Each structure stands twice: as C-alpha cells, then as structure tokens.
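There are 2 protein chains.
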Amino acid sequence: MAENQANSVGIVETRTVKVVDSDSPLQLVSGKRLWPVEAAYETYGQPNSAGDNAVLICHALSGSAHAAGINSAGDKKPGWWDMMIGPGKAIDTNKYFVICSNFLGGCSGTTGPSSINPATGKPYNLDFPMITIADMVKVQKLLLDKLEIKQLLGVIGGSMGGMQVLQWAIEYPDFVKSAIVIASTPRLGAQAIAFDAVGRNAILADTEAGGKSTKGLATARMIGHITYLSEESMRKKFGRELRDAEKYSYDFGSEFSVETYLDYQGQSFIDRFDANSYLYITKAMDYFDLERDYGSIEKAFAQTKSRFLIVSFTSDWLFTPGQSEEMVNALVAQRKPVSYCNILSPYGHDAFLLEPEALGGLISGFLSTTLEKPKAGKPSAVSSPKGADRIKRLRVDYELIESLITPDSRVLDVGCGDGQLLINLQYDKNIEAEGIEVDQQLVGTCISKGLNIIHRDIERKLSYYPDGSFDYAILSQTLQTLKNPHQVFAELLRVAEKVIVSFPNFAHWRCRIGLLTGRAPRTKQLPFKWYDTPNIHFLSLKDFEAFCEEIGAKIETKIPLIGNSKSPVKFAPNIFAEQAIYLTSKR
Amino acid sequence: MAENQANSVGIVETRTVKVVDSDSPLQLVSGKRLWPVEAAYETYGQPNSAGDNAVLICHALSGSAHAAGINSAGDKKPGWWDMMIGPGKAIDTNKYFVICSNFLGGCSGTTGPSSINPATGKPYNLDFPMITIADMVKVQKLLLDKLEIKQLLGVIGGSMGGMQVLQWAIEYPDFVKSAIVIASTPRLGAQAIAFDAVGRNAILADTEAGGKSTKGLATARMIGHITYLSEESMRKKFGRELRDAEKYSYDFGSEFSVETYLDYQGQSFIDRFDANSYLYITKAMDYFDLERDYGSIEKAFAQTKSRFLIVSFTSDWLFTPGQSEEMVNALVAQRKPVSYCNILSPYGHDAFLLEPEALGGLISGFLSTTLEKPKAGKPSAVSSPKGADRIKRLRVDYELIESLITPDSRVLDVGCGDGQLLINLQYDKNIEAEGIEVDQQLVGTCISKGLNIIHRDIERKLSYYPDGSFDYAILSQTLQTLKNPHQVFAELLRVAEKVIVSFPNFAHWRCRIGLLTGRAPRTKQLPFKWYDTPNIHFLSLKDFEAFCEEIGAKIETKIPLIGNSKSPVKFAPNIFAEQAIYLTSKR
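Chains as they are written, first to last, in our numbering: chain A, 1 to 587; chain B, 1 to 587.
Some hints could be false.
Remember, identical chains collapse to one label, so a pair may be satisfied in a single copy or spanning two.
[Said to hold, decoys possible] Cut-off 16 Å, straight-line C-alpha distance, at most; resulting in silico cross-link-like pairs (EDC-like, lysine to aspartate or glutamate):
{"id": "1", "residue 1": "554", "residue 2": "578"}
{"id": "2", "residue 1": "524", "residue 2": "578"}
{"id": "3", "residue 1": "336", "residue 2": "325"}
{"id": "4", "residue 1": "449", "residue 2": "372"}
{"id": "5", "residue 1": "247", "residue 2": "293"}
{"id": "6", "residue 1": "247", "residue 2": "291"}
{"id": "7", "residue 1": "95", "residue 2": "372"}
{"id": "8", "residue 1": "177", "residue 2": "52"}
{"id": "9", "residue 1": "247", "residue 2": "289"}
{"id": "10", "residue 1": "529", "residue 2": "549"}
{"id": "11", "residue 1": "32", "residue 2": "251"}
{"id": "12", "residue 1": "95", "residue 2": "52"}
{"id": "13", "residue 1": "529", "residue 2": "550"}
{"id": "14", "residue 1": "529", "residue 2": "148"}
Rather than coming from a laboratory, the hints here were simulated on the basis of the structure. These figures come from a predicted structure and were not determined experimentally.
This is chain A alone, in the form it adopts within the complex (with noise of 0.2 Å):
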C-alpha cells in the first residue's frame, strides 16, 4: 500500500518509560514476581480537552508497538497497522488519541525474555517468567497510568491482539467504553493448540542443540504462516507455480514458491525476532481462555460495560467465524450491546491486515458512534428506495408497525435491512434496539448508524437469546421468503413477548383470478414470475391465522392493508387485503 504525506501521521518515535520498579514488583498470574518492566509504545494524534477520545491498539504475535506512520526520514516501511490509523483514516488521529505499545515478553522494547536480567547481568532467555495475556494487559494499564490516561474510548485488537481487548473489557470495565475485537477467540482450540506446540518443539529441539534458535525459529514461523493464509488464498498466490525454472529440479532445494516464500519469510524473522518470545507469547495464548478463567464465556462478560463490536472472516480458519460467534452469543445471552459482522475475504486470519476497506468502515464507524452518540433527528426517507411507491409503502408498514409498539420497550427487528425502522422507532419511542441481517453492506450501515447488530442468517437458531429478552420481535414481509417460517416464527415468539409479522396476502382476489386463469398468479404485491421468486413459502390471511392456533399463538391485533392506505381493510379482509400485519403473543 503506498503512503502518501497526507494520510500518514508522519515521523513518530517510539518512546520507552518504566512502568514497574522494584518497590512493586510486577505480580504475575503463574505466581512469580517480577521487575523492572519497561514498556515501549507510540502514539498519534492529541488527547482532546474532555479526555475521551484515547484510543487503544493491542498488536498480534509479531507486531510492535510502531503502528503507524515512519520511525525516520528514509523510513521506507511503516508501522504495522499504516492502513488503519492516520488523519482521516478509519482510526482517525484528528479525532483520536492513539497509543499502541509491545506487549510484555515481547522483543521490541518492553520487557521480555531478550532483556537484562538485573539478578545475572545478562538476558533472561528460558530464565524469563511465563506470562499470560493478563499479564500483558496489566503492564498496558500500568503504562496508561504513567500517561495520565482516565478512560478509553476504545480498545482495538486483532488476533492475539484480541485476546487482550478481552481481556481488558473483562478486567477493567470503568476503564473502556468499548472493545473491538477483531479475528479473535475467548480460547485456542486444539488444532491451534497443535501448531503452535509444534512451533514450540521445533524451537526448543534447537535451543537444546545449544545457543539461540534460528532453524527452529524459522520452522515455527513457517508453520505460523501457513496458518494466517487460507488454502484459497495460498492456491491464487502460489498454486503450483516454480519459482524460476521450467521442470522439475528433482533435488531438494526450494523450488515451488511457495517454498520460497515460506523461506523468506522464516529467514526475514529470524532477523527481526527473539526465538524465546516467540516460544513465551505463543504458550500466553494457549493458556488465554475466557471459560477457565471465568467460569464460562458469559460469566467473563456479565461485569463488563463496554459496547462490543466483533469482527471476523470468512476464510479465517485459525481464529474461526465460529469462535467469533462464541463470544457473540454469550454477550447477547448476557444482553450487553454487541454488534458482529463476519467480512466476505478470502485472506484467511492475515485478513485483519489486508482488508482496510471493509474493516476500516466497520472500526470508523463504530467508533465515531461511540464518541458521539448519533443525533435524534427524524430520518428523512428510507435510503436506496426502488421506486417512490414502494416507500410510500414501507412508510406505512414502518408507521403501523411503529403504532403497534409501547415506548421504552425492547425490540428485535429480525432481518432489519439498513435499520431505518429501528432508528424510527429509537427517536420516537425511545426504544432499545437490536437488529440481525444477513447482509454484510448493511451490517456496515447499521453500525455506522450507532445500531447494535448481529451478522446473521435469521433462520439459525436464536438459542443464545434468553426466553423474554425482548418486548416485541419483528418479522416484516420476510415469513414467506423463509425455509422454515414455522421454525423462524416459534422461536421469535419464545425470545420476545410480542411478535409482529407482516406478509403479502397469497389469497387476495388477484391471485383467485390468476390461478383461475390457469397461472400461478402475480400481483403488484407478488409481482415475481414462479420461477424466479424470493416467495417460496404462500399463504393467506387465513393460513396465517390457523397457523398461529396450530402453533399456540395469540392473535392480538390484525391490520389488513390495501395499497398505501393506513386504514385497515374491514370487509373480507382474506379476499380484498394484499397485504397484513399482525400482532401476535404467546397464549
């Protein structure tokens, strides 16, 4: 990515300020104390007059704390995080202070297995304590102190960087108003586990042979590296490409690219990295795990306060859209405000590093809403319309349905597009809003709207949800699109008190006559050839309603519409209404 002058912050340095001494030793979680800790870290931007706008970067396993912009004149390679933070950038530093520091057991700058051990003169190496991602986040609050920091308007990480603004979230829950945590995971799983003990062991099979690591070291990086790329990717890059001949070789030196990229890069890092951080930073994230520390992943996050926003991958197979959605489903089980979107990239878990657009949009907009909550202002039109009737249409839908609900209550929009009803109905009913969509450039509009919101297909389950946890549900002109509609519409009725559905009327007397035409009928409302119709599911107002008896549903209000007319219709609504909207409980 090249930088220009404009966007960058320019020339920083990296300070380094000790934040233990040895009147408090620092007390690590394995037991063991240590000290003198220094610690290493950037910043950007200007803390604002209120204090309110510091902003913290927690790096991953290789990175530092120079984030952004050049250490000097000639620097040709920014911080590691270039792309993100900068004026005008997603992590604005005209509107943010940014601070990004080494984690503890790192080798660039804070204190690590690579410093003096102030007992023998000489580095720790393996004589270094172990530490835990804890650990790292207490010297990170020690350091912020130092700097006269009262609260954080956001704590951003990826991958193992996540774990720490977790682990912030959870420790210091005054301390951060919200958390972005970004490819991600509450624990390692086994496979994770694996590569990374298989790293350890080529490492320590090498330090035993005497002196530093290097072969081990650029084994494990290697390892490492296979696992950041996803087999997608990895296919376009390198597929079976030679790296500069036409045939075979038939000997074994590197010949595929591949190998010679994974060559470079476990060459390239043996330059730049201390084979013991490497063997104490990857056994911090086999021991980080939410459900050991605290009992389970939601008793980790019933004290925290911040809101969340979690991002993960498509393609990411070491830190899963799955164990995203782990963390996901115990804040919403704890009813914490938490918005989720999963990107579409094919970069596997290195994609925290290589999809500024997406993410960034994500991050600018997350956090511009926590800074300032969006203004209350009536929103003038539904935005990308189809036509001017069919916002006339969803005005209506919006205000019968805006009708339908009591002020300061909960709700649940379930497939809520760009979220403009929930904004609705947060200015006028001064609702609690949550909203799931499946589409991810609407996720994005929604959070940028300040909305919590899940990324989501709306016919998985809703399990983590509790019974009751909302007011009212809402399902409007989606039951007839559905897979299982009775699936999706029970278990609505279980985790809202209150459902409301509206669907087009598949018995209106168009359709009669269509069929009796011999055609599988189209209406203004089902305009949709039958082959080629997101309608898989046909019903009438009738239907409906032995379907909610069936099901043990109440129907408490019911509002048969025709065209853009907000007056129900009152004669034989099952013949005349294209459309309705029903109100339905529990009985």
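Following the hints, position chain B against chain A.
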C-alpha cells in the same frame, strides 16, 4: 477395532522379490537409473481360474505391504487396512486375490534410501535418486509381472495410494478394469506443498547437523498428523484438556493432551520410519501433477479404460472434496464411466482409515459389480415405497417416461434416487445410464446396482458436461422443489438433446377451489402445509409451457395425467390434470 479369527486373513508373510537387476536397470522419471530393486509384498485370498479377480492395494505415506492379517501368532497389531480386507469384508478375500506392496522409496522392504547402495556398500541415504509416483507404479507393475498377474479387477488406494491408482489407470489402461481413488487429488495445492516443505525443512535442518534426523522427523510427523485430522475431530478428541493436571504448569513441558498426543506420534514414528524415506516420498507427492504430466487432467484421463470410483470425505481439508470433484468432472467431460461419493465424516483426511462401514459399502458394491455385471431381470418393485399408491403412481410415471425414450440411447437421470428408473431402462431399452443424486445412502444403493452415479446437489451447474452429452435428461417430480428451476432446466437442455420433466399441476381444479376458500391449496398431489413443504415453486401446465416458450424450449410430447391412469387427460388438462410429463428439446 477388535479382530476375531473368523474374518481375519490370519497369519501372513511379507515376501520380497527382486524385480530389477543390473541387466535392465530401472529408468526413473528424473533421468537417473536404479538397480537392483526389490519389492516387498503380501497377498491374501487366491487367484481364480479365470485370472480376473486380482485386486491391488496401494498404500499411503506411512503404510507398508502389510495391509491385512498378522505377521506372527502373537502379533497384536493387524495390517493397516485389516478392517477392509478379509473373508466377508469389503475387499472380500473369499472372492478376490489381493496384493499389497511397499512402494519404491519406502522403508518397509522395498528398495529405498535406507537400502544398501551396491556402489558403496552403505545405505543410500541422500544419494538415493529422486523418485516419482510413476516410478513407484512401474515397480508395482514389474512385481505383478513376476506374479504372473495379467489383469487387475481393481486398483484401490487412499491419499498418496490414490495417486498411484490414478497413475495405474492412466499408464496401464488395458490392465486395470476398475480404479478406486479415495481421499486423493490430481495434484497437491500450495497449502499441502507448504506443509510438506516445512516438514522436509525440519528434517534437513536436523540432518545437516550430522547423522540421521530424529527431532526433525518427529516435527514433520506432528505437522502431518494435524493435517490428517479435522479441526472438529481434534476439538472433540482433545479440546483443551490437560494431560494429567488441573492447573497450568507454567513451563514449556507438553501439558495439553493434544501436545502429548503429537509427542507420542512424533516419537513412535522415529522408531519405525526412515527420515530420508520421508523426504523422498513427500517430494514424490509434491511432484505428482496430472496437469503438468499430461497437459490437463482431462487429457490425463483421455486414454483410460477403467471404471472409476472416486471417494472423498466432507471434512478432509488436506485432499479436499473439491479436488476429487475436479477428477470426477474431468472424467465426466471425457465421457468415462465414473461414480463419486463424498462421505459425510468428521475425521478429516484420516477418514479413509476410519470409516469402514460407509467406505466399505461403496468399495464392495463397486468391486462386485465390476467382477460380475448385475444380472438383467425385471425389478420387482420400487424399493422403500411409502405406500402402495405411491408405488403404483411411480410405476405409471416410470412406464410413461420409458415410453418416451428410444432404445440404446444415453440417459441422465437428475435426482435419480435409488436408480430404479435407470435400471428399468437398462433392462428394457439397453440404455447407457448415468445418475446424479444428493443423498449419500442412495448413492451407495446405486453403486451396489452397478450404476454410474455422481454424488452432487443437482442445483449446482453441470458445466463440466459437454453440450449434448446425453440423448435424454430426466427431471422427475423435482422442478418445483428447486431453488433455481430456470437454471437447472436450461443446463439440462444444454447437456441433453431432449429433457423429460414431470411435475404436479398447481392449477388443478382442486387447487383453484382450495384457493377460492382462501387457503393455500392442499391436494393428493400437493399434500403439504404451506410452511412445511418441499415444493417451493408453484407452476401450472400453462406456466410451464409459457416458460418453455420464453427460454426457447420446444415441447415435443405432453402427457397430462390423473391418478394412476396411463391415459393422458384430453379435456382441459390445465384444470383436470394432477400432474404432467413433458418431453422437450432445444428449439
């Protein structure tokens, strides 16, 4: 798996025979020559008098000639595929004469890097010439010549064994009657090459340090083991369990169960395997590439004369189902007889050693119908009927569809179920049959009937079939259940000269009256509730005819039907027909 005497081949001896001597050295693909070459092998069962019951088993990376039975009276550990090979087992030694040999470059009896180099009197080690899968197969052919085997009923192999099977079918088309390729690939992708390369790197780093690699081999084996399992199976088997403690040890010992498991796998491999063999064998795998060797995968299969059975496992991420499908597609494109099944399994790549029931069923059905073509004979009834009426109805359908098909034609049945219609057509009309079916169980049924059947969702494109591959494609009672009926039908019109379609008539008078009562209609042909129906598109005879007009299909024959009568409805079919069968073609 507990072995009892009853279904074991009992005590077997691994024999060794010299297949290459200095008179005619083995010409290797690399250009080098090798002599002498000995081959280690075992046999189970007896050759029959016709000499047409020989089955060759090709083993994978760490396997050996010892595939079944035990090597001595006290031997506790049976051969590596004992669950598959034995009297009454899938590869039934009462019927077949089974041979398995250690491949060239191995370390279990056949000449390899640990063999004595006659030029030096010492083991070859890294002086062994580079070998390929083609070289291995060449040696196997020399062995079979020595054993005076004139033809193979089948060649069977999983993983790298599957590569050898492919090579056999391609290089010796007249020698191989059937080829069973399990969890294999036409060539490794970048990710798999990368894992191999890292493993070799670890071994070579160790070897350079002097002496035989042990730690490096262990590291390589550990990496291998992670790739043989699935994330799911590792999670279920190990999770985050600690080996023998409640609390973390805060040191670098192996404390997670998965670490202990990998340590054990690494250590035990050192005891039984040669590190140099590992280097040569993985390189042979990396080099294997049907595309590079033959111009394209399709061209590789152009000269084959075998029946193919390709099997993959859903959770195999090393040799993926997609790679198996590439081979299936190439075979289909070449109009070669092929069956494919993607077995649902959580066990990853290792599933080829862990799914004896599902895999055994396929192998057994495929082998036995290769040995003996299923006898012609009027089938008695449709299997697993859901009521006598349904049988009658289906029989009428089948008879009418049969009446539309001319003898000796090529027929594709899309969604062929248990294959009964195709079997009937084979018997009555001597057709060349192919089926596509999404249900794994039914795929197995079709294979045991000797049909060529592809396991596949019929909504996926058929792009690999050349235009006009078939005289007829049949889509029976399926159109209305498809997500994209338009696309599927258009594809069928492309790959077949004529398409036979049957579907229920949604404009039948009972439906019309049903809708007039204001409810989604339910009839004998459409008995489902609106929210719980497989039918997600509704069409009438008129709709279908308009649709044909629109997409440029010509209706050649139209058979509107009522009840179980074979006579077409003459009067107002769009009102009175409950269903219809159409014969259509491109205009």
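Structure-based check of all given hints:
In this assembly of identical chains, the alpha carbons of residue 554 and residue 578 never lie at most 16 Å apart, being 22 Å within a copy and 36 Å across copies at closest. Taking CA atoms no more than 16 Å apart as the test, residue 524 paired with residue 578 passes inside one copy only; the shortest distance there is 9 Å, against 28 Å between copies. When the C-alpha separation of residue 336 and residue 325 is checked against a cutoff of 16 Å, the pair qualifies only within one copy, where the shortest distance is 14 Å, while the shortest distance between copies is 45 Å. For a Cα distance limit of 16 Å, the shortest separation of residue 449 from residue 372 inside one copy, 11 Å, qualifies, whereas the shortest one across copies, 69 Å, does not.
When the C-alpha separation of residue 247 and residue 293 is checked against a cutoff of 16 Å, the pair qualifies only between copies, where the shortest distance is 11 Å, while the shortest distance within a copy is 54 Å. Only between protomers do residue 247 and residue 291 lie at most 16 Å apart by alpha-carbon distance; the minimum there is 13 Å, versus 52 Å within a single protomer. Taking the shortest alpha-carbon separations for residue 95 and residue 372, only the intra-copy value of 11 Å comes in at or below 16 Å, while the best inter-copy value is 78 Å. Only within a single protomer do residue 177 and residue 52 lie at most 16 Å apart by alpha-carbon distance; the minimum there is 9 Å, versus 76 Å between protomers.
When the C-alpha separation of residue 247 and residue 289 is checked against a cutoff of 16 Å, the pair qualifies only between copies, where the shortest distance is 12 Å, while the shortest distance within a copy is 48 Å. Taking identical chains as interchangeable, the C-alpha atoms of residue 529 and residue 549 lie at most 16 Å apart only when they sit on different chains, with a minimum of 14 Å there against 31 Å within one chain. For the identical chains of this complex, residue 32 and residue 251 are inter-copy neighbours only, at 12 Å across copies versus 50 Å inside a copy, given an alpha-carbon limit of 16 Å. In this assembly of identical chains, the alpha carbons of residue 95 and residue 52 lie at most 16 Å apart only when taken from the same copy (10 Å versus 80 Å across copies).
Proximity of residue 529 and residue 550 under a CA criterion of 16 Å is satisfied inter-copy only: 12 Å between copies versus 31 Å inside one chain copy. In this homomeric assembly, residue 529 and residue 148 never come within 16 Å of each other (Cα to Cα): the closest approach is 65 Å inside a single copy and 66 Å across copies.
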